[in-house]
Amino acid sequence: MEVIDIIKPENQVFSKTCLMTDATLSYCPGCGHGTAHNLVMEVIDELGIVEDTIGVAPVGCSVLAYDFMNVDITQAAHGRAPALATAISRTWPNKYIFTYQGDGDLAAIGTAETIHACNRGENIVIIFVNNGIYGMTGGQMAPTTLPGMRTSTSPHGREIETMGSPLKITELIANLPGTYYVTRQSVHTHKHVRKAKKAIKNAFNNTRLKKGLSFIEIVSNCNSGWKMNPNESNNWMEENMFPYFPLGDIKVKGKLKQKS
Amino acid sequence: MTEEIIIAGFGGQGVLSMGKILAYSGIMQDEEVSWMPSYGPEMRGGTANVTVILSDERISSPYLKLYDTAIILNQQSMDKFEKTVKPGGVLIYDPNGILAHPTRTDIDIYQIDGNRLATEMGNKKVFNMIVLGGFLKIKPIVKLENVIEGLKKSLPERYHHLIPLNEKAITKGMDNIFSYKVEDQLVDH
Amino acid sequence: MSELRLMKGNEALAEATIRAGADAYFGYPITPQSEIIEYLMTERPEHRTGMVVLQAESEVAAINMVYGAASTGKRAMTSSSSPGISLKLEGVSYLAGAELPAVIVNVSRGGPGLGTIQPSQADYFQSVKGGGHGDYQLYVLAPASVQEMADFVSDAFDIAFKYRAPVLILSDGLIGQMMEKVVLKDQKERMPDEEIIEKYGDWATTGKKDRERNIITSLDLQPEKMEARVHRLQKKYEQMEKEDLRYEKIQCDDAEYLFVAYGSSARIAQKAVQLGREKGIKVGLLRPITLFPFPKQQLFELADQVKGILSVELSAGQMVEDVRLAVNDKVKVEHFGRTGGIIHTPEEIIEALELKIIKNGSN
Chain W
17 MEVIDIIKPE
27 NQVFSKTCLM
37 TDATLSYCPG
47 CGHGTAHNLV
57 MEVIDELGIV
67 EDTIGVAPVG
77 CSVLAYDFMN
87 VDITQAAHGR
97 APALATAISR
107 TWPNKYIFTY
117 QGDGDLAAIG
127 TAETIHACNR
137 GENIVIIFVN
147 NGIYGMTGGQ
157 MAPTTLPGMR
167 TSTSPHGREI
177 ETMGSPLKIT
187 ELIANLPGTY
197 YVTRQSVHTH
207 KHVRKAKKAI
217 KNAFNNTRLK
227 KGLSFIEIVS
237 NCNSGWKMNP
247 NESNNWMEEN
257 MFPYFPLGDI
267 KVKGKLKQKS
Chain Z
521 MTEEIIIAGF
531 GGQGVLSMGK
541 ILAYSGIMQD
551 EEVSWMPSYG
561 PEMRGGTANV
571 TVILSDERIS
581 SPYLKLYDTA
591 IILNQQSMDK
601 FEKTVKPGGV
611 LIYDPNGILA
621 HPTRTDIDIY
631 QIDGNRLATE
641 MGNKKVFNMI
651 VLGGFLKIKP
661 IVKLENVIEG
671 LKKSLPERYH
681 HLIPLNEKAI
691 TKGMDNIFSY
701 KVEDQLVDH
Chain L
10 MSELRLMKGN
20 EALAEATIRA
30 GADAYFGYPI
40 TPQSEIIEYL
50 MTERPEHRTG
60 MVVLQAESEV
70 AAINMVYGAA
80 STGKRAMTSS
90 SSPGISLKLE
100 GVSYLAGAEL
110 PAVIVNVSRG
120 GPGLGTIQPS
130 QADYFQSVKG
140 GGHGDYQLYV
150 LAPASVQEMA
160 DFVSDAFDIA
170 FKYRAPVLIL
180 SDGLIGQMME
190 KVVLKDQKER
200 MPDEEIIEKY
210 GDWATTGKKD
220 RERNIITSLD
230 LQPEKMEARV
240 HRLQKKYEQM
250 EKEDLRYEKI
260 QCDDAEYLFV
270 AYGSSARIAQ
280 KAVQLGREKG
290 IKVGLLRPIT
300 LFPFPKQQLF
310 ELADQVKGIL
320 SVELSAGQMV
330 EDVRLAVNDK
340 VKVEHFGRTG
350 GIIHTPEEII
360 EALELKIIKN
370 GSN
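Residue numbers (our numbering), protein chains in the order written: chain W, 17 to 276; chain Z, 521 to 709; chain L, 10 to 372.
This is chain W alone, in the form it adopts within the complex (with noise of 0.2 Å):
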């Protein structure tokens, strides 16, 4: 078969879900947040619940997320979107609402909001992507950044002394009564995107039977801020990140899961 018949649509396997636009990702290459969208928008697609689904956009990196994302959203103030959620969720009890947020949105500005709407229950979900790093801005400490690691404001490496250990802000939400599934994934191969795509599928089920809130966590990469190529920023994810921040679920239907 011939290039020009392989790209025909009949002869395509795999497309783009039309839950994204066809505007450039403003997303470095090889970073994640372009995979995460996807998956969210391919989940939307697939529960074909379009109609009735609801995002709300972050400050940071995904501020821009409506320009990619085809449904109605609504972009929050820096850290507010649990809030928004709330309140979406409340006033339109049969929608599905979902906020896409950062590490520094979601764990350092927005914690008070993250901690009580995932206290309350909300019937929401929440997707959180963590890279350990402010990439709008320009590379500067979030609170995900490792111990050791440099950032713009943490030229030296973050002192555990005096800028405070990486915050876990998933497995402390966790321990909520409130929450109902929560896990952590990561994008970076083609088995960790089937098993992230599993766990946005549940969550927005669990909205679906009015389970109440599901929290996705994402570990992913940014090579820019981190300064690697792409390849190595998953290498260094895999070898850093992930013994920090253990993939997996944490929290299925209410019950913590026993650690082995």
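Do not rely on the hints blindly, as some may be mistaken.
Claimed, not checked - For lysine to aspartate or glutamate, the following EDC-like pairs were computed, each having C-alpha atoms within a straight-line distance of at most 16 Å:
{"no.": "1", "chain 1": "Z", "residue 1": "Lys673", "chain 2": "Z", "residue 2": "Asp695"}
{"no.": "2", "chain 1": "Z", "residue 1": "Lys673", "chain 2": "L", "residue 2": "Glu356"}
{"no.": "3", "chain 1": "L", "residue 1": "Lys244", "chain 2": "L", "residue 2": "Glu108"}
{"no.": "4", "chain 1": "W", "residue 1": "Lys273", "chain 2": "W", "residue 2": "Glu187"}
{"no.": "5", "chain 1": "W", "residue 1": "Lys211", "chain 2": "W", "residue 2": "Glu248"}
{"no.": "6", "chain 1": "L", "residue 1": "Lys288", "chain 2": "L", "residue 2": "Glu252"}
{"no.": "7", "chain 1": "L", "residue 1": "Lys305", "chain 2": "L", "residue 2": "Glu252"}
{"no.": "8", "chain 1": "Z", "residue 1": "Lys585", "chain 2": "L", "residue 2": "Glu356"}
{"no.": "9", "chain 1": "Z", "residue 1": "Lys606", "chain 2": "L", "residue 2": "Glu356"}
{"no.": "10", "chain 1": "L", "residue 1": "Lys305", "chain 2": "L", "residue 2": "Asp338"}
{"no.": "11", "chain 1": "L", "residue 1": "Lys218", "chain 2": "W", "residue 2": "Asp61"}
{"no.": "12", "chain 1": "L", "residue 1": "Lys368", "chain 2": "L", "residue 2": "Glu343"}
{"no.": "13", "chain 1": "W", "residue 1": "Lys217", "chain 2": "W", "residue 2": "Glu26"}
{"no.": "14", "chain 1": "Z", "residue 1": "Lys585", "chain 2": "L", "residue 2": "Glu357"}
{"no.": "15", "chain 1": "L", "residue 1": "Lys218", "chain 2": "W", "residue 2": "Glu67"}
{"no.": "16", "chain 1": "Z", "residue 1": "Lys657", "chain 2": "Z", "residue 2": "Asp633"}
{"no.": "17", "chain 1": "W", "residue 1": "Lys184", "chain 2": "W", "residue 2": "Asp265"}
{"no.": "18", "chain 1": "L", "residue 1": "Lys291", "chain 2": "L", "residue 2": "Glu363"}
{"no.": "19", "chain 1": "L", "residue 1": "Lys217", "chain 2": "W", "residue 2": "Asp83"}
{"no.": "20", "chain 1": "L", "residue 1": "Lys197", "chain 2": "L", "residue 2": "Asp167"}
{"no.": "21", "chain 1": "Z", "residue 1": "Lys659", "chain 2": "Z", "residue 2": "Asp695"}
{"no.": "22", "chain 1": "L", "residue 1": "Lys291", "chain 2": "L", "residue 2": "Asp263"}
{"no.": "23", "chain 1": "Z", "residue 1": "Lys603", "chain 2": "L", "residue 2": "Asp219"}
{"no.": "24", "chain 1": "Z", "residue 1": "Lys585", "chain 2": "Z", "residue 2": "Glu602"}
{"no.": "25", "chain 1": "L", "residue 1": "Lys305", "chain 2": "L", "residue 2": "Glu330"}
{"no.": "26", "chain 1": "W", "residue 1": "Lys214", "chain 2": "W", "residue 2": "Glu67"}
{"no.": "27", "chain 1": "L", "residue 1": "Lys171", "chain 2": "L", "residue 2": "Glu247"}
{"no.": "28", "chain 1": "L", "residue 1": "Lys305", "chain 2": "L", "residue 2": "Asp253"}
{"no.": "29", "chain 1": "L", "residue 1": "Lys217", "chain 2": "W", "residue 2": "Glu187"}
{"no.": "30", "chain 1": "L", "residue 1": "Lys217", "chain 2": "W", "residue 2": "Asp265"}
{"no.": "31", "chain 1": "L", "residue 1": "Lys365", "chain 2": "L", "residue 2": "Glu343"}
{"no.": "32", "chain 1": "Z", "residue 1": "Lys673", "chain 2": "Z", "residue 2": "Asp550"}
{"no.": "33", "chain 1": "Z", "residue 1": "Lys585", "chain 2": "L", "residue 2": "Glu360"}
Stated by the list, open to error - Listed next, with one range per pair, are the computed distances between beta-carbon atoms:
{"no.": "34", "chain 1": "Z", "residue 1": "Lys585", "chain 2": "L", "residue 2": "Lys258", "range": "22 to 28 Å"}
{"no.": "35", "chain 1": "Z", "residue 1": "Gly617", "chain 2": "W", "residue 2": "Leu188", "range": "54 to 60 Å"}
{"no.": "36", "chain 1": "L", "residue 1": "Gln64", "chain 2": "Z", "residue 2": "Ile618", "range": "42 to 48 Å"}
{"no.": "37", "chain 1": "L", "residue 1": "Pro201", "chain 2": "W", "residue 2": "Ser168", "range": "38 to 44 Å"}
{"no.": "38", "chain 1": "L", "residue 1": "Asn337", "chain 2": "Z", "residue 2": "Gly617", "range": "57 to 63 Å"}
The set of hints was computed from the structure by calculation and includes no laboratory data. These numbers were taken from a predicted model, which means no experiment stands behind them. Glycine included, C-beta positions come from ideal geometry on N, C-alpha and C.
Using the hints, position chains Z and L against chain W.
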């Protein structure tokens, strides 16, 4: 007719609710009313006061410097509000716990022994209704039947069985308020 | 059937919010306005009309909940008092920028800082001169009675949806805490979801159905787009000035002197008008009911008639700046007001008029 009243005493004496019942009674006879309480730190210090205005006309300021009538139920309030009665106005007070009695001679002063009368009636809670009765004897600005209507309106249904007791307390107050002449006291000393 | 009740200003506002057909209230307790959320929680409007009431984790969360509900075309309100309003102002700026309808209530108290819980009108600048960041204005209603605390709720929602803009009700501890007679309006039905989707489908994020997606944002990274947004906002403000200015003139016809006062101060100044006239001083009162838009033209015209103007507010002198701008040096304008939670008396206002305007001679 406009009547500007300050009621002042301890929290728990029913100062605010006395004002509220008076305001409700005013509404029952189509008066304009306003009820402006002290709130916040003053309340936490244990004293409470409320400004109540009843008028045929639209009420302008709900907050005043001078009053037609001051109903004073503790010493702190006496210290603060005796001077706020307009010349020719009325001061009503319960002598219980009062060490420095009023001294003004340009106003009409009345005593009502509300605490003692309430104890006699076997219910300390009707204290404020006794005082209200005394006030209405001196200033019959609302009719008793409208006070009863006001009570019905302001009290939750489950307390309506207490209305006859309140009516009795008001009558008791009406019968037991006496003029207090500063001049007589000066002669005594 | 309308209903007559004796209520606190805060309670009347809360009840009127239910009756206005509001969809949601989000708040955080603070004195002197906690009765609003307490009343709503007691009344359980979710059983009466389906209205949502939620105590948020903070003022910041509450205003952003309002932002969320408003972005979907719902009628949402939050209330607070001065320090809490400071916290909300980021959200208010976002509401203005994203062109969302919402009602914010400030039952103000003395400041700055933690200040006092007693009544004050020291948030005039905060209310009408931005407060939050960026080129925006709030439509500001200043109730002066318990009746207006109730009436202004539905007025505020009407204006908010007419302009797709946040509206502020600026009250204070005096109006919030006092009880007066209030005639409550009949219950207005909440707008059904289908009607919201149909009516606000051109902007609200209610779910993409039979249309392109809707986006609510206040972000425009391209300067030309951002400038166009700012211009669009300014057009709204011009229209508000033309169509929705509100004020009240009290005994102005023959006035030789004028008080300008709003909210609780207007009530006290009205008594001062009476006291002044008993003393033979022909004084009137202009009460701005909206602080933005401000009755500039009316003041400009009255300045030709009177010998001097006293701006009266419970502050160190804020509204007086707008009075002076409007009067444009035609006559003498002075400020009088107590601060720190002390309420000026009618007598003090008359004294100030005599001392600052009459005795000092007017130009």
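Each hint, compared with the structure:
With a C-alpha separation of about 25 Å, the suggested pairing of Lys673 (chain Z) with Asp695 (chain Z) is violated against the 16 Å cut-off. As the CA atoms of Lys673 (chain Z) and Glu356 (chain L) are separated by approximately 35 Å, the hinted pair breaks the 16 Å bound. Restraint check for Lys244 (chain L) and Glu108 (chain L): the C-alpha separation of about 12 Å stays at or below 16 Å, so the hint holds. Of the pairs offered as hints, the one joining Lys273 (chain W) and Glu187 (chain W) holds, with about 11 Å between alpha carbons and a cut-off of 16 Å not exceeded.
A threshold of 16 Å between alpha carbons decides the hint, and for Lys211 (chain W) with Glu248 (chain W) the separation of about 22 Å lies outside it, so the pair is violated. For the suggested pair Lys288 (chain L) and Glu252 (chain L), the alpha carbons sit about 38 Å apart, so the restraint of at most 16 Å is broken. Straight-line distance between C-alpha atoms of Lys305 (chain L) and Glu252 (chain L) comes to about 14 Å, which keeps the hinted pair within the 16 Å bound. Simply put, Lys585 (chain Z) and Glu356 (chain L) have alpha-carbon atoms about 8 Å apart, close enough for the 16 Å limit, and the pair holds.
With a CA separation close to 13 Å, the supplied pair Lys606 (chain Z) and Glu356 (chain L) stays within the 16 Å bound. Of the supplied pair hints, the one linking Lys305 (chain L) and Asp338 (chain L) holds, its CA atoms being roughly 13 Å apart against a limit of 16 Å. Among the hinted pairs, Lys218 (chain L) with Asp61 (chain W) is consistent with the structure: their alpha-carbon atoms are about 13 Å apart, no more than 16 Å. Between the alpha carbons of Lys368 (chain L) and Glu343 (chain L) the distance comes to roughly 13 Å, so the proposed pair stays at or under 16 Å and holds.
For the hint pairing Lys217 (chain W) with Glu26 (chain W), the CA-to-CA distance comes to about 27 Å; that exceeds 16 Å, so the pair is violated. The hinted pair formed by Lys585 (chain Z) and Glu357 (chain L) meets the criterion: a straight-line CA distance of about 9 Å does not exceed 16 Å. Straight-line distance between C-alpha atoms of Lys218 (chain L) and Glu67 (chain W) comes to about 5 Å, which keeps the hinted pair within the 16 Å bound. Restraint check for Lys657 (chain Z) and Asp633 (chain Z): the C-alpha separation of about 14 Å stays at or below 16 Å, so the hint holds.
Under the criterion of a C-alpha separation no larger than 16 Å, the hint pairing Lys184 (chain W) with Asp265 (chain W) is consistent with the structure, at around 14 Å. Under the criterion of a C-alpha separation no larger than 16 Å, the hint pairing Lys291 (chain L) with Glu363 (chain L) is consistent with the structure, at around 12 Å. At roughly 14 Å between alpha-carbon atoms, Lys217 (chain L) and Asp83 (chain W) fall within 16 Å of each other, so this suggested pair holds. As the CA atoms of Lys197 (chain L) and Asp167 (chain L) are separated by approximately 13 Å, the hinted pair is consistent with the 16 Å bound.
Our distance criterion of 16 Å between C-alpha atoms is met by Lys659 (chain Z) and Asp695 (chain Z), whose separation comes to about 14 Å. At roughly 7 Å between alpha-carbon atoms, Lys291 (chain L) and Asp263 (chain L) fall within 16 Å of each other, so this suggested pair holds. For the hint pairing Lys603 (chain Z) with Asp219 (chain L), the CA-to-CA distance comes to about 73 Å; that exceeds 16 Å, so the pair is violated. Pair hint Lys585 (chain Z) plus Glu602 (chain Z) holds up; C-alpha atoms about 12 Å apart against a cutoff of 16 Å.
Distance restraint check for Lys305 (chain L) and Glu330 (chain L): the Cα-Cα separation of roughly 12 Å lies within the 16 Å cut-off, and the hinted pair is therefore satisfied. Distance restraint check for Lys214 (chain W) and Glu67 (chain W): the Cα-Cα separation of roughly 21 Å exceeds the 16 Å cut-off, and the hinted pair is therefore not satisfied. Taking the CA atoms of Lys171 (chain L) and Glu247 (chain L), the gap is near 14 Å; set against the 16 Å cutoff, the hint holds. Pair hint Lys305 (chain L) plus Asp253 (chain L) holds up; C-alpha atoms about 13 Å apart against a cutoff of 16 Å.
Annotation: proposed proximity of Lys217 (chain L) to Glu187 (chain W) is violated, straight-line Cα distance about 34 Å (limit 16 Å). With a CA separation close to 31 Å, the supplied pair Lys217 (chain L) and Asp265 (chain W) exceeds the 16 Å bound. For the proposed pair Lys365 (chain L) and Glu343 (chain L), the alpha carbon gap of about 7 Å is at most 16 Å, so the pair holds. Taking the CA atoms of Lys673 (chain Z) and Asp550 (chain Z), the gap is about 14 Å. The hint holds against a cut of 16 Å.
For the hint pairing Lys585 (chain Z) with Glu360 (chain L), the CA-to-CA distance comes to about 13 Å; that is within 16 Å, so the pair holds. A hinted range of 22 to 28 Å for the beta carbons of Lys585 (chain Z) and Lys258 (chain L) is consistent with their spacing of about 26 Å. Between Gly617 (chain Z) and Leu188 (chain W) the beta carbon distance is about 56 Å. The supplied range of 54 to 60 Å therefore holds. Take Gln64 (chain L) and Ile618 (chain Z): their Cβ atoms lie about 44 Å apart, and the range 42 to 48 Å holds.
Between Pro201 (chain L) and Ser168 (chain W), the C-beta spacing of about 51 Å breaks the proposed range 38 to 44 Å. Restraint check, Asn337 (chain L) to Gly617 (chain Z): a C-beta distance of roughly 59 Å satisfies the suggested window 57 to 63 Å.
Consistency with the previously given hints fails for numbers 1, 2, 5, 6, 13, 23, 26, 29, 30, 37, ordered from lowest to highest.
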